[in-house]
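Which chain is which? The protein sequence lines are A and B, in order.
The numbers in the UniProt record's numbering rise by one with no breaks, and the one at position 356 of the first sequence is 356.
The numbers in the UniProt record's numbering rise by one with no breaks, and the one at position 170 of the second sequence is 170.
Some clues are possibly wrong.
Each pair of labels, with its calculated beta carbon distance range [said to hold, decoys possible]:
#1 A:D76 with B:E59: 48 to 58 Å
#2 A:I447 with B:G54: 20 to 30 Å
#3 B:R275 with A:K407: 50 to 60 Å
#4 B:E334 with A:E479: 53 to 63 Å
Within a straight-line C-alpha distance of at most 27 Å, the following computed BS3-like cross-link-like pairs (lysine-lysine) qualify [to be verified]:
#5 A:K421 with B:K144
#6 A:K229 with B:K122
#7 B:K51 with B:K144
One side of the interface only, derived from the structure: several residues of chain A facing chain B at Cβ under 8 Å [unchecked claim]:
#8 V191
#9 G431
#10 I447
No lab work stands behind these hints, which were simulated from the structure alone.
The beta-carbon is built from N, C-alpha and C at its ideal position, and this holds for glycine as well.
Now for the letters of each chain:
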Amino acid sequence: MSGLAMPKPDDATMRRRDEIVADMRIIVPGEGVVDAANAMRAFESDGLTAYRQLPLVVVLPETVAQVSRVLKYCNDRNIRVVPRGSGTSLSGGALPLEDAVLLVMSRFNRILEIDFPNRVVVVQPGVTNLGITTAVEQEGFYYAPDPSSQIACSIGGNVAENSGGVHCLKYGLTANNVLGIEMVLMNGEVVRLGGSHLDAEGYDLLGVMTGSEGLLGVVTEVTVRILKKPETARALLIGFPTSEQGGQCVADIIGAGIIPGGMEMMDRPAIHAAEDFVHAGYPLDVEALLIVELDGPGVEVDHLITAVEAIAIRNGSTTCRISQSEQERLSFWAGRKAAFPAVGRISPDYYCMDGTIPRKELPRVLAGMRELSEKYGLGVANVFHAGDGNLHPLILYDANVPGELDKAESFGADILRLCVKVGGVLTGEHGVGVEKRDLMPEMFNQIDLDQQMRVKCAFDPNHLLNPGKVFPQLRRCAELGRMHISGGKLPFPDIPRF
Amino acid sequence: MTTFTPTTSDEVLSTVAWAVAEESPLEILGHGSKRGIGRPLQTEHTLDLSKLTGVTLYEPAELVLSAKAGTPLAEIERLLAENGQQLAFEPMDYGPLLGGEPGKGTIGGVLAANLSGPRRLKAGAARDHILGINVVSGRGEAFKSGGRVVKNVTGYDMSKLMANSWGTLAVFTDVTFKVLPAAETEVTLAIRGLLDDAAASAMALALGCSAEVSSAAHLPERIAARVAGGTLGSDAATLLRVEGFGPSVAYRIAALKTLFANAGPLQEISGEASRLIWRDVRDIRPFADGSEKPVWRVSMTPSQGHQMVLTLRMQAAVSAFYDWQGGLVWLRMEEGDPEAALLRGLLRKHGGGHATLVRAAPAHRAAVPVFEPQAPHLAALSARLKAEFDPKAILNPGRMAPGVGSATLGIAT
Ligand SMILES: Cc1cc2nc3c(=O)[nH]c(=O)nc-3n(C[C@H](O)[C@H](O)[C@H](O)COP(=O)(O)OP(=O)(O)OC[C@H]3O[C@@H](n4cnc5c(N)ncnc54)[C@H](O)[C@@H]3O)c2cc1C
Ligand SMILES: Cc1cc2nc3c(=O)[nH]c(=O)nc-3n(C[C@H](O)[C@H](O)[C@H](O)COP(=O)(O)OP(=O)(O)OC[C@H]3O[C@@H](n4cnc5c(N)ncnc54)[C@H](O)[C@@H]3O)c2cc1C
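Next comes chain A alone, as it looks inside the complex (with noise of 0.2 Å):
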């Protein structure tokens, strides 16, 4: 966008592009390289498609040995390096750059090996999120973690983004179930953490990779989890006169020890973009629907279901209806599924924000959002990981509005300091990327920011590696290791001290 500054082209490096070209096709023979424009457009945005940049070249290894070269050619040369899975990153994580390779992840998509009695996989980041369930589901197991990218989004980019879904409630985030990975450096050294043991025998470096955004290390190998499915799953669908009444139902359910498999909510306009678009009966006279979603042994599912529905009539439930069949399970769903096209359907554009609040704020978030919509005169639609506080606000534009791109994006931004304000962060599962990179300094002040800075610098002290992203501004290793000591006077000598 207009108003994005990335980091300056290097020179140097314009000028060798097809040299670099040639060298890439020397480590990467075949077809694994691309250069044509025309060619490269595919790879021009990820799922934030404001942003477009066309990179230096498009490079599609295969092997690790491969990626350890392309990494080793770039870091001794000084050229800079954009890691891509399949591109769905809302956050522009994958936005090329124009003087980087792209390495494009999506041809490690290999499954390596399927452990039952160890419950683990080992498959190649290319692999996508579902594809690991389709390899295990046969045997009746699968991995939790459901991004709605699912279908598309890699393993790679989960690992690099710490994606989530809705059962990550009851079953964690990436980062709780990935137990391994192997990743390549900017200097091209191949480093292993974990596997299929549990935890890290030094620093938790995996826990760091979980979410660093593609600017630490390429992963080329992950280690996860599987768990064996539950016996049943039952939902009810709830709706509330007032988001107050819902955010309290959430709270009095996890108040009573209960932890969902699923737990989402919509507003009204999200209610009624949905209900248009895929009838699947939800009530229109609500402002809040709750959707709960119960799994386990059916015995237990039973059990909480009674006590669920007592807790949403305590709370003034206008409406309770529970899922007599696997059909009506699927159908309470559609309409939460679908309610990004079906907002999409109601307004030429949609921008999907991703800030996540404690939810008691929710009542008041929702407030300030009201105010902001009549502000900015846009419409702002929302769904709700309501158990873990995630909100997706979807605000509406039309790009073809002259400013309304511009207004959303300050929208959105006045949004996610709201989110801050109340005790929140930026973003819950979307990542910071470039969308959010320049909001960063509401949360943290410089020396936060500087200590993170200091992290890459252990993995990639020349900032090649997905520079631009995470970070409003860079700043040197070697100044920010410089040390500013204030003077040897012993402090609070009132300390007590024996």
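Got chain A; can you put chain B with the ligands on it based on the hints?
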């Protein structure tokens, strides 16, 4: 030797800043409950966090708790229990094994050591529940990471990086954890009399069925007698824990009984008796013998655990028991020598993992790499990371690996 005992975060900051300016290393102390672990330190000064205490935020409905890092774990667990909640990762207590008092330890130490317990299999470790931190780095700077919400990918997850850092990257002043409802009911099914290999198969079968087993341990013959005051008797016991709402637990236990109808004698243990067993498994009670015989904690591929022990037995006298479906092996070396090279060599041959020497006489702890040595590229990366947080090696120098300088962190000798 000076011991600093700050009571506020600002005092922690100025103490560390002073130590940085003086280039005078600090030993970071919670309660001293895990002092037997890691390489012995020789620092001039000590930073004692046991007075930096207090729960600063607890909202049961939001499943979140924040506390000053020196707050006793016991106090936090008591508060949670009053509200029917818990730290689901079940942090273990090294006190009994290391000859200290049970029930000590600070919440900061829980994160620094990435503690967990038998429920690790299903619920994760401290790393999986930490939401946010405020810390002081070895640069003498206070910084924060994360927040108080579960879903958060804003910036690198520095909180996880602090898990298992043993006070060598930063001093924590505040920590925020996700908390969860405590299970209403718990029942343990014990299969008696299995040999190690049959037990490994049984545990794999149990974890691979939909009974949602939250913990699976195997106590070989005689070891079984050393938990819960001997109530289990001495026959080998393969323990499967099921937790949740009453009707669900009953149903799942019944399913397991059907599954294991022909495996061996079955025994059902519920409520307090079950809790006692798992507490003792968690706290390595079978080896809490008051001795200094080396004890190893080995994390490895579950199905490989008993096979490695079998091979090890041909070359050394060891006692062993298994948690985490067999993937956590506790070993006591009966002849007094840690046999580090032998054990770690076998571990590599059995799928890899890591072995930590959690108890040994001081001489052995000084001579043997206490933490699993890392492969060269990984060790170098860890050392670079240490230098980015603590360039002057002020914090617990040498705790995780030999050498005071950061450059040697994690590298085998
Ligand atoms: C319709 C739709 C619905 C979505 N729903 C959800 C949802 O429910 N929950 C959710 O969390 N997200 C959701 N997303 C966002 C997106 O799908 C996830 O962030 C996903 O994990 C991205 O995976 P990818 O393979 O497409 O990665 P890409 O978009 O290609 O890349 C994302 C980031 O990961 C890095 N990266 C990719 N592969 C590697 C690798 N091998 N090594 C190192 N870095 C790498 C890239 O550099 C980039 O920074 C949705 C997106 C869409 C379009
Ligand atoms: C007289 C004496 C003898 C000692 N002998 C030995 C010895 O033989 N071997 C040996 O290994 N050590 C020895 N130590 C040092 C011992 O390791 C420390 O007591 C240890 O650092 C204390 O951790 P803890 O038991 O309080 O455990 P915990 O409080 O549970 O802490 C465990 C780990 O977490 C770190 N930690 C705790 N709180 C924080 C926080 N807020 N921020 C960051 N990190 C934190 C600690 O540094 C430690 O690494 C000795 C210390 C003394 C005073």
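Going through the hints against the structure:
no.: 1; hint: A:D76 with B:E59: 48 to 58 Å; verdict: holds, 52 Å
no.: 2; hint: A:I447 with B:G54: 20 to 30 Å; verdict: holds, 24 Å
no.: 3; hint: B:R275 with A:K407: 50 to 60 Å; verdict: holds, 58 Å
no.: 4; hint: B:E334 with A:E479: 53 to 63 Å; verdict: holds, 55 Å
no.: 5; hint: A:K421 with B:K144; verdict: holds, 16 Å
no.: 6; hint: A:K229 with B:K122; verdict: holds, 14 Å
no.: 7; hint: B:K51 with B:K144; verdict: holds, 21 Å
no.: 8; hint: V191; verdict: holds, 5 Å
no.: 9; hint: G431; verdict: holds, 5 Å
no.: 10; hint: I447; verdict: holds, 5 Å
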